[in-house]
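Trainee: Here is what each chain is made of, one letter per residue.
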Amino acid sequence: MTSTPVPRQLTFISRHSPYGSARARAMLDMVLAAAVFDQKVTLIFMDDGVLQLHKHQAGAVIGAKDLGAALGVLPLYDIQQVYVDAQSLQARGMRHDDLAIAAEVCDSARITRLIQEADAVFTL
Amino acid sequence: MTTLHTINKPSWSSDLLRSCLRLAAPGDTLLLIEDGTYNAGTLSTVAAQLSVTLEGLHVCVLRDDLLARGLAETELPDHITTIDYTGFVELVCQHRQSVHWF
Amino acid sequence: MKFTIVLHAAPYTSQASLSALRFAQAALAAGHEIVRVFFYYDGVHNSNEFSVAPQDEFDLVKAWSSLLQTHGIDAVTCVSSAMKRGIVDEREARRHELRGHNLQAPSVLSGLGQLVDASMASDRTISFGA
Chain A
149 MTSTPVPRQL TFISRHSPYG SARARAMLDM VLAAAVFDQK VTLIFMDDGV LQLHKHQAGA
209 VIGAKDLGAA LGVLPLYDIQ QVYVDAQSLQ ARGMRHDDLA IAAEVCDSAR ITRLIQEADA
269 VFTL
Chain B
190 MTTLHTINKP SWSSDLLRSC LRLAAPGDTL LLIEDGTYNA GTLSTVAAQL SVTLEGLHVC
250 VLRDDLLARG LAETELPDHI TTIDYTGFVE LVCQHRQSVH WF
Chain C
328 MKFTIVLHAA PYTSQASLSA LRFAQAALAA GHEIVRVFFY YDGVHNSNEF SVAPQDEFDL
388 VKAWSSLLQT HGIDAVTCVS SAMKRGIVDE REARRHELRG HNLQAPSVLS GLGQLVDASM
448 ASDRTISFGA
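Chains as they are written, first to last, in my numbering: chain A, 149 to 272; chain B, 190 to 291; chain C, 328 to 457.
Derived from the structure by calculation, the hints contain no laboratory data.
Using N, Cα and C, we set each Cβ at its ideal position, and we do this for glycine too.
Worth double-checking, as some hints may not be accurate.
Partial pick of chain A residues on the chain B-facing surface, computed with a CB cut under 7 Å [as the list claims (entries may be wrong)]:
(1) Ser256
(2) Thr260
(3) Val269
Bound-form chain A, shown alone (with noise of 0.2 Å):
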């Protein structure tokens, strides 16, 4: 007898900038998989993560797929929760207000939760 698999929460840590590593990059196209083949999905942005977050990307001057229009398709793929870390982004010197994409900001006790909900956690 066969079942429908049950839909696994997979959280994504997306802790790398885009363009100076394909890890971003490698790390997106993980969590897009995973919104293929219908799973419960949550991206977590921290440390050099948020720098993907930037406005105005034009990875196209140095020749690479523009990471920030990549995020654009987060809500296609019906990704709706996508966390933010509050401290990387003021680490960094970025507003909250002033995102890419549509995001949640949250502190590390909120991060520590996602992470204790997840069936499993992916890093990269």
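Given the structure of chain A, go ahead and fit chains B and C onto it with the hints provided.
Mentor: For chains B and C alone, coordinates are given in the frame of chain A:
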């Protein structure tokens, strides 16, 4: 349910430990592996700098990685336990999720 | 328990690949099942058959191949990560008219869907990286 955190870099050159300690909760386990074993002696200091308590955290170190780096088991703070890969597997089983900081 | 292991780092360049291999060995020795090993990002280099280890060094690529084959573990190398890093199977080599192919058996090239699929079927997903 509790979380297993693994860390593989020393705190002098990487922010992994600081990020992890900010998010670790009482009951969680912190496992130092690879170059993360260098943190064994400085964990308390880093935690104090962050105004974060280690109370309630279980701290383990992968023995082979410690020994490879010339760090003595006997010099570890009392609250740190050394484990082998069998113990590593058990920790993964015991915790609902693991966050691998690398 | 059922495990999925994800490896993001190349062999030799960091300790991650060896750590992942030793974890896998310990998990199997303890009677657990490894549902899939997924090589992603720079981890695809662990599937490069052309890797030749010096005689006085542990051959990580062959060790992975041996472990996976001995225990019949499903191994997937991410196709997009692999192709851009020059790890190709026979089919892709023919398609792109390349001089040779080098995907180390028993791994197969496939997409990230295989990672998600494996994680869905596993009790625990563990990642190793540099």
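Trainee: Please list, smallest to largest, the hint numbers that this structure does not respect.
Mentor: none
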